[in-house]
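*Asks:* One-letter residues, chain by chain:
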Amino acid sequence: MPSTFDTVANIISETCDIPRDTIKPESHAINDLGIDSLDFLDIAFAIDKAFGIKMPLEQWTQEVNEGKAPAEQYFQLNNLCTRIDELVAAKGA
Amino acid sequence: MRIEYFQLIDRIVDLNLADKTIRTEARVPTASTIFEGHFPGFPLMPGVLLIEAMAQTSGWLVIGLTKFTRMPFFAALKQAKLRSFVTPGQGLALSARLLHEGSGFAMTTAEIRCENKLICNAEITFRMVEFPNAEFRASMEKMATLLEFPRGALVHG
Chain P
1 MPSTFDTVAN IISETCDIPR DTIKPESHAI NDLGIDSLDF LDIAFAIDKA
51 FGIKMPLEQW TQEVNEGKAP AEQYFQLNNL CTRIDELVAA KGA
Chain V
94 MRIEYFQLID RIVDLNLADK TIRTEARVPT ASTIFEGHFP GFPLMPGVLL
144 IEAMAQTSGW LVIGLTKFTR MPFFAALKQA KLRSFVTPGQ GLALSARLLH
194 EGSGFAMTTA EIRCENKLIC NAEITFRMVE FPNAEFRASM EKMATLLEFP
244 RGALVHG
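So the protein sequences, as listed, match chains P and V.
Numbering-wise (this note's numbering), the first sequence opens with residue 1 and increments by one.
Numbering-wise (this note's numbering), the second sequence opens with residue 94 and increments by one.
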């Protein structure tokens, strides 16, 4: 079974046509991979479907915009994968 | 259909919140300044307006599913196919189905048929935001009434 990171990285690679080997756990989706907010909707769609969750993008974006959380907390891939794992665990609880 | 006012559908025929589907209908006007340019001597309903008609149909579905709390704005279009010409006076049957409701966005698949023949279809992405202001919200409420938006579906959905 692929790891959360492998699944997310494959989704990003396929959705945004980014070479898979350039996508690292420490990559920042926006700053390093150049993914914009519209492309991120396609990624969110694929992640929601793959994991059976609904990523709270609105809440995350609001927290970042209001300075309550750094963007890295949600959009650096290793952190994003941790959030996904938390959502999957919460779904099964 | 009032093309000049960007009203591309005439009536909401059915809104099924359980199935996350909607059906609407529209009749292309027999005369419009748009047909004078598109095209002289060969009037055709512009494909971009057929896409807008699918977006409006999908948009009312999203408004219904979010119970009039969010306004969907057209954000992306995929797999759009314009399969046949549409000419003045033709009646159109439009439908849409929700593919996914994410956080702050929604995706639908929509199509238009004329005499049961598939005319066009596409997948559409919307950003969903709060209504920008009371005036805009009121205009949408007014349009909902005009289109016979089935408000009872919101109670029972």
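Don't take every hint at face value.
[As the list claims (entries may be wrong)] With the C-beta cut set under 7 Å, the calculated list includes, among others, these residues of chain P facing chain V:
#1 Pro-19
#2 Arg-20
#3 Leu-33
#4 Ile-35
#5 Asp-39
#6 Phe-45
#7 Ala-50
#8 Ile-53
#9 Glu-58
By construction, these hints were calculated from the structure, which means they are not laboratory data.
Glycine is no exception: its CB is placed at the ideal position from the N, C-alpha and C atoms.
*Asks:* Each of the hints needs a verdict: does it hold here or not?
*Replies:* Status of the hints after comparison with the structure:
| no. | hint | verdict |
| --- | --- | --- |
| 1 | Pro-19 | violated (23 Å) |
| 2 | Arg-20 | violated (22 Å) |
| 3 | Leu-33 | violated (19 Å) |
| 4 | Ile-35 | violated (14 Å) |
| 5 | Asp-39 | violated (9 Å) |
| 6 | Phe-45 | holds (5 Å) |
| 7 | Ala-50 | violated (12 Å) |
| 8 | Ile-53 | violated (10 Å) |
| 9 | Glu-58 | holds (4 Å) |
Against the hints set out earlier in the document, violations occur for numbers 1, 2, 3, 4, 5, 7 and 8.
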